[in-house]
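**Student:** The lines below spell out each chain.
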Amino acid sequence: MIKLQGLYKSFGGKTILNGIDLEVSKGETVAVIGPSGAGKSTALRCINLLEKPDKGRLTIGEDSYDFEKITPKDILKIRQSTAMVFQNFSLYENKTALQNITLPLIKAKKYSKEKAIESALENLKAVGLLDRKDYYPSQLSGGQQQRVGIARALALKPEVILFDEPTSALDPEKVKDVLEIIKRISRERITSVIVTHELEFAMDVADKVVFLADGLVVEEGSPREVLKNPKDPRTLRFLGHFADKLEYVI
Amino acid sequence: MSSRLLDIVIKSLPKILIPGLKYTIPLTLVSFALGLLIAIIVAVTRVMKIKVLSWFFRFYVWVFRGTPMLVQLFIIFYGLPKIGLNIPRIPSAIIAFSLNVGAYASETIRGSVLAVSKSQTEGAIACGLTLWQSIVYIVLPQAIKNCVPALFNTFISLVKDTSLAANITIEEMFMATQRIVAVTYEPLVLYIEVAFIYLLFSTALSYLQKFAEGRLTYRTRKADAQ
Numbered sequence: 082m083i084k085l086q087g088l089y090k091s092f093g094g095k096t097i098l099n100g101i102d103l104e105v106s107k108g109e110t111v112a113v114i115g116p117s118g119a120g121k122s123t124a125l126r127c128i129n130l131l132e133k134p135d136k137g138r139l140t141i142g143e144d145s146y147d148f149e150k151i152t153p154k155d156i157l158k159i160r161q162s163t164a165m166v167f168q169n170f171s172l173y174e175n176k177t178a179l180q181n182i183t184l185p186l187i188k189a190k191k192y193s194k195e196k197a198i199e200s201a202l203e204n205l206k207a208v209g210l211l212d213r214k215d216y217y218p219s220q221l222s223g224g225q226q227q228r229v230g231i232a233r234a235l236a237l238k239p240e241v242i243l244f245d246e247p248t249s250a251l252d253p254e255k256v257k258d259v260l261e262i263i264k265r266i267s268r269e270r271i272t273s274v275i276v277t278h279e280l281e282f283a284m285d286v287a288d289k290v291v292f293l294a295d296g297l298v299v300e301e302g303s304p305r306e307v308l309k310n311p312k313d314p315r316t317l318r319f320l321g322h323f324a325d326k327l328e329y330v331i
Numbered sequence: 004m005s006s007r008l009l010d011i012v013i014k015s016l017p018k019i020l021i022p023g024l025k026y027t028i029p030l031t032l033v034s035f036a037l038g039l040l041i042a043i044i045v046a047v048t049r050v051m052k053i054k055v056l057s058w059f060f061r062f063y064v065w066v067f068r069g070t071p072m073l074v075q076l077f078i079i080f081y082g083l084p085k086i087g088l089n090i091p092r093i094p095s096a097i098i099a100f101s102l103n104v105g106a107y108a109s110e111t112i113r114g115s116v117l118a119v120s121k122s123q124t125e126g127a128i129a130c131g132l133t134l135w136q137s138i139v140y141i142v143l144p145q146a147i148k149n150c151v152p153a154l155f156n157t158f159i160s161l162v163k164d165t166s167l168a169a170n171i172t173i174e175e176m177f178m179a180t181q182r183i184v185a186v187t188y189e190p191l192v193l194y195i196e197v198a199f200i201y202l203l204f205s206t207a208l209s210y211l212q213k214f215a216e217g218r219l220t221y222r223t224r225k226a227d228a229q
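Those protein sequences? They're chains A and B, same order as listed. Reminder that position 193 of the first sequence reads as 274 in my numbering, one-by-one numbering, no gaps. Reminder that position 126 of the second sequence reads as 129 in my numbering, one-by-one numbering, no gaps.
Next up, chain B with everything else stripped away, as it sits in the complex (with noise of 0.2 Å):
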């Protein structure tokens, strides 16, 4: 690598990487964090069939799984002020992910309540608790735990999905690596360069994963001998 070339690389690293910290890692946090909130809701909402709501839900995971991320945004960002919502970049995204996330994370959290014995709900109810209180109490720390690895999934998709919000411009990794791209005519090290980043982020994540899972597998762990 000519120096010129080790100059840029080293000169455009924290043009970059503060971009990530002010834009990706927030954006990633708080859609996550709402999404799977979302998850959650419309997940038990629809096992436990309630009426028009899980109707409704089943629209939206439809909805959103079913089109591409990149249109949703524009829909929002850029579509919905031709009816007089003029939401701000940020929150667009903000909403544009969480919904996502929402939608396909609700489907695993689905599954996994499902998969969960029905004699652990049985335990419960038949000891007095209301049908909800066994969900909250038993059923879906069971069902979380063991869908902590397909959630992490989801979750690595969403940072690398964040660089969408360059075409709202919002100035995360992407975008300013585009713009230091457009001065130095250095496309191939610089665009390696950023992936090299999102690759630090999604691995950072994979160790918080093999963590979570340690902590939660620990305790329901085989005794060797009785």
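Only chain A is shown next, with the shape it has when bound in the complex (with noise of 0.2 Å):
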């Protein structure tokens, strides 16, 4: 369980969050979205503290934290219960799809080199990359590369999956692979958090969506709730034509 309350965060005078409360379940899938600027992707980054919050609590699992107290351990242990996928996938550029599963789990989470290995092979096998197991990311296109991603946060085991928008930097054709496998991803009940623009995959996998605008929580319910019958206006007016579409989706 994941819960995030009261979260503030502001850069440089500019409030991006103003008091975001978020609560995802156990084996729930959490679509966030919202227009841009609306603070959706800086929401994610507090939560594994990429982006340090100037006020809020953070609950991940049994621990507590305040993250106007929190230590630099604190901050190592909630990175090592939490993945991410980023949008511009963030594999590491000197090791091979293999090594950049392995080497977080050798490293963070002290496997043994066999033990990461076999891991990384079969997280790499559920993304159907076991042959590109040697290549490096500049081998890769972006599709095999974000699916990389996905089997290194998987192989870690966490708490939760982070996603942040890990389809925007992708080509049309290789958006659809990589929505099937975080779709079996959220089928699996593994629990995530996604910040995405696929509305449609949002409706389709999400057991809650989140709408967010202002660096606030505006709506927030089921996909039929949120993106059906929207009650506020920003939503409304961001769904705008979206709504129309939804008709023959549903």
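Simulated from the structure, these hints should not be mistaken for lab results. A quick note: this is a predicted structure, and the numbers were derived from the prediction, not measured. Don't take each hint at face value.
[Stated by the list, open to error] Quick list of in silico lysine-lysine cross-link-like pairs, BS3-like style, CA-CA up to 25 Å:
| # | chain 1 | residue 1 | chain 2 | residue 2 |
| --- | --- | --- | --- | --- |
| 1 | A | K95 | B | K54 |
| 2 | A | K188 | B | K121 |
| 3 | B | K54 | A | K133 |
Mind docking these for me? Both chains are given alone in their own frames, and the hints should help you get the complex.
**Tutor:** Written out as structure tokens, the structure reads:
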């Protein structure tokens, strides 16, 4: 279970997140949507402290942290119990696909080399890239890199996987492959938070949709509630013509 | 070339080359290795902005880049004994050379570290690696790869700069040549000869650079087709 309470973050005097509450139950997939600049990615990056929040509380499983009193040790612990899939993949350029997965397993999770390789191969197989295990990131297409990124996150067996716009940087024809894999992860009840622009996808996989605007959670609920019957005018405006499109999706 | 000149050139060759193998090459290799180590430590410390240490290293780079190496050599070898610090000539040379390499190369490496995309560090720490682990395993290997050409510049400069050691009584190639010139009085051919040997050493390093770059870029070459 992941819980954010009163998350507040500003950059240089400009408030980005103005008291966000977010709860993700175990096994749940939560999609965070909203207009550009709403603070979606920032909120996600606050969960694993890639951005340091100004105020708020974070609860992961049994552990609860006050962002104002958080220590480097806490941060490491939080990062070791979460994993992130990045928009730009963030694979290690100097490591092969296989090593991208084994390195954090060996260094952060203290796996033996054999166990790390075994786990890496298993996860590469799950994303259909076993034959690319010895390729460097620059030798892989965007879609393949993102699949390695997902395999790396899965191998860590985290409490939650944080997806930061995982398909935004991909060619349209590669988006589907990656979404298929995320959908499968969601079905396996691996707790995930997904920041996405793919509304149909959110409708399809999410247990809960959270709509963010102006640094606040404006609306949240089941995909049907939020995407089909939005109450807040900002949600309505954002969904705009998407609501019409949904008619034939459902 | 008269046969006398040719005779001098041939006879002097081992007399120049042996000090080269005995002093120039070991001095270069040891100083460069130590200098590189200093450079990495200084660069990482400064990038990480570790408080007092970072300030101290900035001062160090400022001093060693801003003063002539010859002056540094003289201070270490001739100056320090005045305050009771007697450092023999070879260690003196190694200290001066490696501190110099360290100052220059630290800036090269610092620049390369800063040029490694932030997403590389984020990808590492988000997976639970510590900042140090991400620097050691992810950032530094990429940074060093990117600055190989610039580091070889420093390396090749050092080969030539070791000739300064002649000034603190180390009988390296240049001093050996000076001695032969003093006896034969043939400065032109002999100094050209020693220049040629320096060129030979530098060329060997250029090939090593090509090899090193080839080894490193092979791994990140773009695949032709997916």
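**Student:** Each hint: holds or not?
**Tutor:** Do the hints match the structure? See the list:
At roughly 29 Å between alpha-carbon atoms, K95(A) and K54(B) are farther apart than 25 Å, so this suggested pair is violated. Under the criterion of a C-alpha separation no larger than 25 Å, the hint pairing K188(A) with K121(B) is consistent with the structure, at around 20 Å. Between the alpha carbons of K54(B) and K133(A) the distance comes to roughly 21 Å, so the proposed pair stays at or under 25 Å and holds.
When the structure is compared with the earlier hints, a violation turns up for hint 1 alone.
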